[in-house]
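The listed protein sequences derive, respectively, from chains C and P. Using numbering that gives the first Met the number 0, the first residue of the first sequence is number 0, and each one after it goes up by one. Using numbering that gives the first Met the number 0, the first residue of the second sequence is number 0, and each one after it goes up by one.
Derived by calculation from the structure, the hints in this document are not laboratory data. Accuracy of the hints is not assured; some may be wrong.
A pair counts as met if it fits within one copy or between any two copies, since identical chains are not told apart.
Derived DSSO-like pairs (lysine-lysine); straight-line CA-CA distance at most 30 Å [unchecked claim]:
#, residue 1, residue 2
1, Lys175, Lys199
2, Lys7, Lys409
3, Lys196, Lys86
4, Lys407, Lys7
5, Lys217, Lys175
6, Lys20, Lys232
7, Lys217, Lys409
8, Lys77, Lys199
9, Lys217, Lys20
10, Lys196, Lys217
Number of protein chains: 2
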Amino acid sequence: MLTVLTVKEAQKRIINSLSGKLTQIETIHAGGSLGRAAAENVFSPDMLPSFARSTMDGFAVRSADTFGASESIPALLKLKGSILMGKEPPSSLEPGEALSIPTGGMIPAGGDAVVMLEYCEVIGDQVAVYRPVAPFENTLQIGDDYKKGDIVIPSGRLIRSQDIGILSSMGIMQIKVYSMPRVVIFSTGDEIIPPGKKPKPGQIRDINGYALAALAGKYGGVPEYRGIVEDNKDVLYEAVLDALDTADIVLISGGSSVGTRDVAVQVIDELPEGGVYFHGVSMKPGKPLIYGMSRTTPIFGLSGNPVSAMFSFLLFVRPAIRSVQGLSPFPSFIPYVEARLDTNLSSPGGREDYVRVSLYEESTLKEEADVIWARPIFGGAGMLSTMVNGDGYFIIPRDVEGLPEGEKVKVYLF
Amino acid sequence: MLTVLTVKEAQKRIINSLSGKLTQIETIHAGGSLGRAAAENVFSPDMLPSFARSTMDGFAVRSADTFGASESIPALLKLKGSILMGKEPPSSLEPGEALSIPTGGMIPAGGDAVVMLEYCEVIGDQVAVYRPVAPFENTLQIGDDYKKGDIVIPSGRLIRSQDIGILSSMGIMQIKVYSMPRVVIFSTGDEIIPPGKKPKPGQIRDINGYALAALAGKYGGVPEYRGIVEDNKDVLYEAVLDALDTADIVLISGGSSVGTRDVAVQVIDELPEGGVYFHGVSMKPGKPLIYGMSRTTPIFGLSGNPVSAMFSFLLFVRPAIRSVQGLSPFPSFIPYVEARLDTNLSSPGGREDYVRVSLYEESTLKEEADVIWARPIFGGAGMLSTMVNGDGYFIIPRDVEGLPEGEKVKVYLF
Numbered sequence: 000m001l002t003v004l005t006v007k008e009a010q011k012r013i014i015n016s017l018s019g020k021l022t023q024i025e026t027i028h029a030g031g032s033l034g035r036a037a038a039e040n041v042f043s044p045d046m047l048p049s050f051a052r053s054t055m056d057g058f059a060v061r062s063a064d065t066f067g068a069s070e071s072i073p074a075l076l077k078l079k080g081s082i083l084m085g086k087e088p089p090s091s092l093e094p095g096e097a098l099s100i101p102t103g104g105m106i107p108a109g110g111d112a113v114v115m116l117e118y119c120e121v122i123g124d125q126v127a128v129y130r131p132v133a134p135f136e137n138t139l140q141i142g143d144d145y146k147k148g149d150i151v152i153p154s155g156r157l158i159r160s161q162d163i164g165i166l167s168s169m170g171i172m173q174i175k176v177y178s179m180p181r182v183v184i185f186s187t188g189d190e191i192i193p194p195g196k197k198p199k200p201g202q203i204r205d206i207n208g209y210a211l212a213a214l215a216g217k218y219g220g221v222p223e224y225r226g227i228v229e230d231n232k233d234v235l236y237e238a239v240l241d242a243l244d245t246a247d248i249v250l251i252s253g254g255s256s257v258g259t260r261d262v263a264v265q266v267i268d269e270l271p272e273g274g275v276y277f278h279g280v281s282m283k284p285g286k287p288l289i290y291g292m293s294r295t296t297p298i299f300g301l302s303g304n305p306v307s308a309m310f311s312f313l314l315f316v317r318p319a320i321r322s323v324q325g326l327s328p329f330p331s332f333i334p335y336v337e338a339r340l341d342t343n344l345s346s347p348g349g350r351e352d353y354v355r356v357s358l359y360e361e362s363t364l365k366e367e368a369d370v371i372w373a374r375p376i377f378g379g380a381g382m383l384s385t386m387v388n389g390d391g392y393f394i395i396p397r398d399v400e401g402l403p404e405g406e407k408v409k410v411y412l413f
Numbered sequence: 000m001l002t003v004l005t006v007k008e009a010q011k012r013i014i015n016s017l018s019g020k021l022t023q024i025e026t027i028h029a030g031g032s033l034g035r036a037a038a039e040n041v042f043s044p045d046m047l048p049s050f051a052r053s054t055m056d057g058f059a060v061r062s063a064d065t066f067g068a069s070e071s072i073p074a075l076l077k078l079k080g081s082i083l084m085g086k087e088p089p090s091s092l093e094p095g096e097a098l099s100i101p102t103g104g105m106i107p108a109g110g111d112a113v114v115m116l117e118y119c120e121v122i123g124d125q126v127a128v129y130r131p132v133a134p135f136e137n138t139l140q141i142g143d144d145y146k147k148g149d150i151v152i153p154s155g156r157l158i159r160s161q162d163i164g165i166l167s168s169m170g171i172m173q174i175k176v177y178s179m180p181r182v183v184i185f186s187t188g189d190e191i192i193p194p195g196k197k198p199k200p201g202q203i204r205d206i207n208g209y210a211l212a213a214l215a216g217k218y219g220g221v222p223e224y225r226g227i228v229e230d231n232k233d234v235l236y237e238a239v240l241d242a243l244d245t246a247d248i249v250l251i252s253g254g255s256s257v258g259t260r261d262v263a264v265q266v267i268d269e270l271p272e273g274g275v276y277f278h279g280v281s282m283k284p285g286k287p288l289i290y291g292m293s294r295t296t297p298i299f300g301l302s303g304n305p306v307s308a309m310f311s312f313l314l315f316v317r318p319a320i321r322s323v324q325g326l327s328p329f330p331s332f333i334p335y336v337e338a339r340l341d342t343n344l345s346s347p348g349g350r351e352d353y354v355r356v357s358l359y360e361e362s363t364l365k366e367e368a369d370v371i372w373a374r375p376i377f378g379g380a381g382m383l384s385t386m387v388n389g390d391g392y393f394i395i396p397r398d399v400e401g402l403p404e405g406e407k408v409k410v411y412l413f
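With the rest of the complex left out, here is chain C (with noise of 0.2 Å):
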C-alpha cells in the first residue's frame, strides 16, 4: 500500500533514489558557462594580481619618506617619471623619490604605497605629499586577491557572472561541467488535445507540455516535449519505454483521475527495473504526485492540474535537475519577499497549502514606510489564473489551520 508522504519526506525519497546519478562531464567555454554547474575544482594557477597595483592615481612612493607629511610641513619628493598601464616601471624607486602612478598601474621595485593625487602637488621636478601612508596604502598586493593553489570554483559550484569574470582574469577559458539533464515531456489524457487544434466538447487544449518544457529549460534542464500520448498503459510503455534510451528525467503529465493515474503507475511499475517509490504527497495542490524509477532514471507522474503540475515541478523535479548535475539539491538560501496577509484565510490543516498571492504596495498610517500586502487568489487548482495573476507563493505549514489578517508571510516569487 502506497501512503501519501509530507513535502519533506517525498523530497528525501527522491534526493536519496538519485544519490549517485550524475549527468556526463563536457568540457566547455568558460564565457559560455553560466548557470552551469562545476564538475571540477579549479585552483587558481598563479597569484592574482600577479604584481603590486596601484588602487588610484596618484604618486608611488616608499611609505617611510612620507611620515610625518602634514599641510603644513610637506614631504617633498623627487619626481622621477610616470608609470604608464600595463608597462613596467621606468625605474625603481630609492628613498626621496616617487613615480607618478595611474589606478591600475605597477608598484615600482623599492615603492611600497600610493598618495592619492588630491593629497600632492607637483612643482617642477619635485612632489609635494601633504599626507603621510602606511606601507601598501592604496596598493593591492601580489597574491591579495588569490594565492597559487587557492580554490576558485568548487565542483559542484552553480556558475555566476563573477566566476566566468575571475577565470578570465586567470586564462582559464575551458571548464568542466556536469551536462544539463535530459528532460523528456510527456502529457497523456484522452480529453487533451494539442494547442493548435480546436477543442470538441469535452476536450481542452495541452496546457502543462509548453508550461512543464519552459521550466525545465529555466531550471538548468533541456526540455524535449514529445507531445501528447494516449491514456493506455502499452502506447505509454512504449513511449516511455522509447525516451529512456536518452532521457535523464522523465516527466509524464496528465493524471489527474484515478483512472489515469492507475495506468501511470502500472506502466512504470513494468519498465525495466522499474518501480512507484511514492504515489500522493500531503499538500495542496500538487497532491497527486507519483514517483518512480525505472533502472536509475527518475520518473515523475504530475497531475493533469495545470496547478498541481507546476507546484509539483518546482519542489520534486527541480531538485532532481539540480541534483544530477553535481549542485545540492536545494539552494542555500533561497530568496522571498516579505509581506503581510491582507486577509484572514483559514487552512485545512494536515497538509502543506501552497497559497498563490498578488503583492501590493499601500501606505499605512501606522508606518513610515509602505508595507508590501499579500492577497490570496482563490480558486481552484484547475484555475492557471490563479498563477497567472499571481505574483508568488506562501506556504501555511502542515500544522497550521489559518493566519489572521496581518500576518507576516514569506513570499517566494514566481
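Assemble chain P onto chain C, guided by the hints.
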C-alpha cells in the same frame, strides 16, 4: 561641470533618457517566449473552460436531488452510465439520475454538481449518495478561469512558465514580444590583454568582457563582446561608432584611472548627437560610472574594476535592458534573504555602500530556529574574490555611517 549623483538620481536620468526608446516588435512561438517581454495585450478568445468540468472523480448529479442526503438516509439515484474523458456525456440528467464522471470530465446537461466517489456507493444500477452537494460543487463552470475578452497577458509582462501554459490552453501559439536588446561590450585599457594570453609585468587579463556578457545575457540582452580596444580616443571612437549601427546598448568597460575615463567621456561627447549625461555616482563600489547617449543609443562607461563594473551593471544597465523592452525599469518586488550582520560595520556615509557578504546558518541559544548570519567580505573593489566568495550584498544607505552586530539586513543574492 559634471556632478556626482545619488544612485536614485542617476537611475532616474537614465530611465528618462530612454523614454520612448523601444526595440523592434517580433512575433515568436509562445513555447519559446519564457523571459521575453510581451508587446501586446493578449485577450482570451473564448471562455475558459469552454464547458463545465468536474474537479473530482465521482458522480454528476442534479444537486437538488441530494439535498437532505445523509449517512443514514442516502439519496438513491438511477446510475445512467459513465461520462468518458474527452467525450460528450452519453446523455443528459433527468431528476433522480446520476452519471459517473472522472476528474476533468464534462458535466452533462441537467447536472450541476459532482458528488465525490468517497461519499457514494454503487448498488446494482443505483447510486447511494450519503452527502448533499451544493449547486456547482466540485465543478469548474464555463468561464470560471477566463471570460472571453479578458486580458490574459498584459503588454509589458515578462513572460513566465504559467503564462506560456495559459497561452497554450487558449490555442495562442504566436505572441508579439520586444526584441532582446543587443548589448555590445568593449574592454579598454592599455594594461588589458585577452584571457587566452600570458600577461607581461604590468598587464592583466580582461575580466569584464565575458563577465558583462554573461550578465547581459542573464538579464535579457543579447551580448556581443567585441574584445579589447586600445585606450586611444580615435580608435575607441571608430569602434563605438561602428557598434552603433546595430547596438541597442553599448558598454565600454575600462578606465579606472582619470586619463582613461577622460577618453571615454570625450568619445561619447564627440559621437553623432552624442553627449555625456552624467559622470560619477555616490556609491561604493561603482562611483566612476559614465552615462551618455549617441542619438537614441545609451552608452555606459563602466569602471575597469570588475566589482564596480558588476554593481554598475546591476543598478544601471539592467534597468536599461528592461526599459527598452517595454518592461518597467525595475521589478515591482525584489526578493531577498533577511540576515543578521555578524560584526559591527562602519561605513563612510555620504554614499550608498554595497557590502558583499557570505551567508551562513547557525542556531543561537536565544532563538528557536536557526538564524541566517551575514558576514561582510572585506577587500577593495579591485578584489573579485569579494564577489566570487560572496552570496550577495546588502546596502548601507547614504545617511548611515555604520551598523551594529546583530542588525537585520536584506541580502540580495548574486
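Hint by hint, here is what the structure shows:
For the identical chains of this complex, Lys175 and Lys199 are inter-copy neighbours only, at 28 Å across copies versus 51 Å inside a copy, given an alpha-carbon limit of 30 Å. In this assembly of identical chains, the alpha carbons of Lys7 and Lys409 lie at most 30 Å apart whether taken from the same copy (18 Å) or from different copies (27 Å). For a Cα distance limit of 30 Å, the shortest separation of Lys196 from Lys86 across copies, 16 Å, qualifies, whereas the shortest one inside one copy, 67 Å, does not. For the identical chains of this complex, Lys407 and Lys7 are neighbours both inside a copy (23 Å) and across copies (28 Å), given an alpha-carbon limit of 30 Å.
Taking the shortest Cα distances, Lys217 and Lys175 sit within 30 Å of each other both inside one copy (21 Å) and across copies (21 Å). Taking identical chains as interchangeable, the C-alpha atoms of Lys20 and Lys232 lie at most 30 Å apart only when both belong to the same chain, with a minimum of 28 Å there against 55 Å between chains. In this assembly of identical chains, the alpha carbons of Lys217 and Lys409 lie at most 30 Å apart whether taken from the same copy (22 Å) or from different copies (25 Å). In this assembly of identical chains, Lys77 and Lys199 lie within 30 Å of each other by CA distance solely across copies; the values are 28 Å between and 91 Å within a copy.
For the identical chains of this complex, Lys217 and Lys20 are neighbours both inside a copy (21 Å) and across copies (28 Å), given an alpha-carbon limit of 30 Å. Within a single copy, Lys196 and Lys217 get their C-alpha atoms as close as 27 Å, which meets the 30 Å cut-off; across copies the closest is 34 Å, which misses it.
Hint check: no violations occur; every hint is consistent with the structure.
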